[in-house]
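So the protein lines, in turn, are chains A and B.
So for the first sequence, the working numbering puts the first residue at 1; every next one is plus one.
So for the second sequence, the working numbering puts the first residue at 1; every next one is plus one.
FYI, nobody ran anything at the bench for these hints, they're computed from the structure.
Relax, there's no trap hidden among the hints.
Calculated pairs, BS3-like style, for lysine-lysine (alpha carbon to alpha carbon, straight line, at most 27 Å):
hint : chain 1 : residue 1 : chain 2 : residue 2
1    : B       : K195      : B       : K38
2    : A       : K345      : B       : K92
3    : B       : K94       : A       : K295
4    : B       : K195      : A       : K498
5    : B       : K94       : A       : K352
6    : B       : K33       : B       : K186
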Amino acid sequence: MKKILSILLLLCPAVICAQSYSMEYGKVTVGELKETEYLLDSEAEAAVIYETGDYRFRQYETAHYRPYELQMTVTTKIKIYNEAGLDYANVEIPYYTSGDPETIIIEGCTYNLDEGQITSTKLSSTNIYTEKLGSDRSIEKIAFPDVRAGSVIELKYTITTRHYFNMRTWRFQKKIPVYHSRLTYIALPFYDYAFIVSGLKKFDEQSSRVRSVQPQLGSGAYRDNSYQEKEYVFGMNRLPAFRDEEFLLDTDDYMSNIHFELASYYSYTSGLMIDLITTWPKLSDELLKDADFGKYIDDSEKAAKTILPEIGLEGKNDLEKFEAICEYVKYKYTWNGGVSKYAEKKLSAFLKDKTGSSGNINLFMAGLMKAAGLDVYPVAVSTQKNGKIYKDYPFLTSLNDVVVMANINGESYFADASAALTRYDELPARNTNVEGLMIKKKEPAWVMTGQNEVSADSREVSMKILPAEGKIKAEMKQTLRGNAAYVQRSTYNGDIEKLKDEYKGNEGMSIAEIGTENFNETGKPFVINMKYDLSTGPAGEQPDKIFVNPLLYLAPADTPFKQARRTHPVNLIFSSVDNFLVEIEIPEGYGVEYLPPEYIRSNNIMQISYKPLIEGDTIKLTAGFAMKDFYDTKDYAGLKTMYEGMVRAFSEVIILKKN
Amino acid sequence: MKALKLLAALMLMVPSFLAAQEDNTAGCVISDKRTHVKVAGSRLVITDSVEMTVLDRRGESFTTFAFQYSKRDNVSVNYAYISDMRGNIVRKLKNSDIRETQYTFDAGTLYNDEFTKYFDLRHNSYPYRISYSVTYTFHRFMSIGYLSPEGRCNIENGTYTIEVPSGYPLKRMSRNLAEPELKSGKTDRYIWKYKYDYRKPEVNQSPVSDTDPYLVVLPEKFSYGVDGSYDSWESLGKWAWDLNSGLDKLPGDEKARIDRLLEGVSDDREKVRILYHYLQDYNRYINVKIDLGGLKSYPAEYVCRNRFGDCKALCNYMRAILRYAGIESYYTLAYLDGQVPYFNEDFPNDAFNHIIVTVPLDGETLFLECTSKNSPFNYPGTSNQGRKALATKQSGSCLVDVPPMTPEDTECIYRFHVKCPDERTSAISLDAKLRGGEFEHFVFLATGANKNDVEIYLRNYAFGKTMQMTGYGIERPHRDSAFVNLRVDGTNTGFYRIFGQTMMLENVSLEIPAYEAPGNRKSQVQIDFPRNDTSTVEYELTGIRLSSIPKNVSIESPYGSYSAVFGIADGRLKVTKNLRINTGNITLDEYPGFYDFISRVRSHEYSKYQIPMP
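Chain A with its partners taken away, still in its complex shape (with noise of 0.2 Å):
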């Protein structure tokens, strides 16, 4: 009987939750009060009960070049299960503050049940704390009074702008479940937005209806002509809170939400609706009129003809001039961390400063190879972390750094001079196999990043075993490309300590010496030579037998895989070779009594390969994998498997043996 009844109550969990949740702004009920956790999901330690947005424009009280304002409420009640929950009290609601600055409107209250009755404490102004972040932006910082585990919040804040851009985006997913979520927006002919949906399939409830308007106030053509509002409702409901997994950049991406992009205005001035977008090819065209795009590249084309000298190009072919280039604006201006498809400060100041974003040295890179007769084009992409791009939806705020790309003998060579440490065409991790628009008059195309070099580690260890010293004398040279040698041009990064540091708590390691070879020069692969000393361990009950792994400290000897299921795909960002070359002494008076068994495995997930032999006096390992950068959910089981088959075989010990 009971466990008819729990399979009864997992079929109708709602109707239970709809008993007990007061959707009404202000209602809250001694059942949501006395709830102890959600019932759709134990572990929660809060839970959205309602987040419900109303999105409309506001006619002005007077007269105004922009009759309406955007005017966008949003009411949220949380139930807090446990003190984990409490950071939810805790809010802060980001608004811009140039120009015609955004208003916001708040208030909240706190509900608890004592001692069987239900108390209310409103949110106070000195609960609200106003932080400004700069010049265009402030948060409101809110702190709910008298929260504790089991109290319920409620909060209503109204945010009234003029910039018709800033709609925010509608996220009706969080780290926490929401039982309800819906946003209503009311549209205006005046203003058309596309809604860019990301996360979901199909909507719980979405609907929309017109009806007539006739205003009362305001300016221009349209005063005296009615018009008509559509509304439009999307809902979702029962949403399980979203569970953040390794190796997923883009969360955005699998969240469900709804972005607003504003497509087209009515001019108050001409009369006329005014396309902001409609087709990329206008868009790139729009791109490159822009003063901080393609002006500024001009600018950058005409600031060259001075600098071109100092670099010094003459007898190079256009390979060549594009690596120069490049390492010349990687060697004299910094990245200040900034990733913006556009110029974010003049020309005059970016030479000035030596910094800038990366749409700064990007664009006056591209600047630079054009000067230098480059057939060469910027391309706006969408960062790994930005996710995808809606192609449906022609935005630039799908776009959000910019690289460049050139077509010389027939290929194309992409190159980011944001990333200093990078070869000259390779791009760093957050621009690599990403998709973008390469920007070019009347003629734009859609391009893929790529790789040019596969990420590879490769090292050639030699050993000599000292059986009297307990000890293995080795030596390794490590050849590192592509990604590879990015990572560890950055972790040394001139100080050699740090590559040290890579080894410390590797017990019985320790480095005797240790080098680089081609720290700068970013066109050759970097090397790290090292000259180290390996315990045999402790002497165990066999004194006869010498144990050696000889890929300890080496290859991976754990795997990063290790959920059991995943619901998101594995993003790498690279794909990835790494090879191992050993090759070990055979002390005098040993033999080898076991050699571990070649293994081979190699399908469309990895490719593995372990083979040792004993040639001489000399056992030789030749080992490697090979990884992709990006695995679908369905391949994970084959992933994981894989690699901790590869795991087990890379960690094999021979064994030597007295004679």
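Put chain B on the given structure of chain A with help from the hints.
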């Protein structure tokens, strides 16, 4: 931030290099740094003038300069420019280059009224020089000088000058600095010269450096909120008491609530326990720092109304409700940190950054950490233990000893059961009883963190390569228990391998940090609280008959002990290990012995068991 920072004003004026600094070394050297501190009436004016050389690209991360200041104080940039190595100025900073933000960098603070001015100065022809000068004006102060250079840029020539009116009495404490030169005239000028060489941080490094310059200069008397003096710990305690006096009023409904809570309870200790639980259940820690908020508590009524506060507000409230219950307690200045700080008992100064409540009861002192919602009653924790604190009173303020943790307080017991049906599969279960730092960590995971985040943390970091977690549970027998029971279940692709005639069996290792080799170690070791781990691992190896087992290990040293005892019972191999590391300071002379002890333990713990097979 849980800190009561009496030195906050001076700490603020140390320029901080933003963000990327930690990832870089050298590439930059400060050739000259001159700090001039002037007491001008009730104001303190500090001017820092710096000449630095950016040697190469690595030095770029030191070329963003940030200066924090509070709303009521001022900071102004006198000049800032870049010059080449011949002294030609290549760029001057303009006012428009200076940006400002109010963003709260401290994750524990909801809001504060501090601002940050910052600017970049970069050039692209190495090497180049940066020169800048910044002046802070503090409109009140309780500390005059503070010198404790840090960061990765060496300082070749440092000058620290304090200028006070002639005869102005000062108190000072210093390390690794020569006596100052004194120039007297209309004013007294004390001038210290110093150098600073960056040293890489070391494992369990003592906070007392034997090379880095350190200086604290205080006025004998000060006025900060109220008048105070550094004559003695008692006078400093009196100042803190005065600053916070009159803030313990409770509203009527709060009094009624306390009456109901304590109805029928006569034992004072039980009353304190009930009220401490009430504090934990109904209030949360939030830091809002406005004006004197960094030093002065919000009134108890503020906490009653909002049910939140920082360490000062929550402790003041705790004291207020105890007082209403007829129990005397003390607002006690403490220093919250995982590392026990240096403390000079002979030099009364603001050596504190936190508040706790102490309650004297029948010859016993109770220590109440009021910012934690899950601390056991009378549990100071690893971040308060083993150091001095200052109990403040209207008269008779005094230093108290927060008791150090004992091996019993930090004992962790791990019981692993490893079941291997064959060479390729294994199931592992762990039942652990955790105390001390491990207890605090796991209690937070169990109660204060999002479960998704906890799972990601546990599966990736908590058990390393020995286990792939399939389930876990954290259980605390009751709210005042100072231990948690942890259960973890997991699998592994194999826990033993047979190579030829030898079985290699995984050792479930205790985590022991790798210390620097004696020749490389520069600073003495400080172990803040004892380690006392017992780990029992039972291996159930189906189909395997063990003809021999590893030898027992026993290591004794003045710094601790280690043992591993092996046995076979019911066909199972059982290993019982115990590791103890004592609290204490280990000098560089003693260090080789300590290193040898740790190395021998690590050698056993991080080796697989090699067992000959029949």
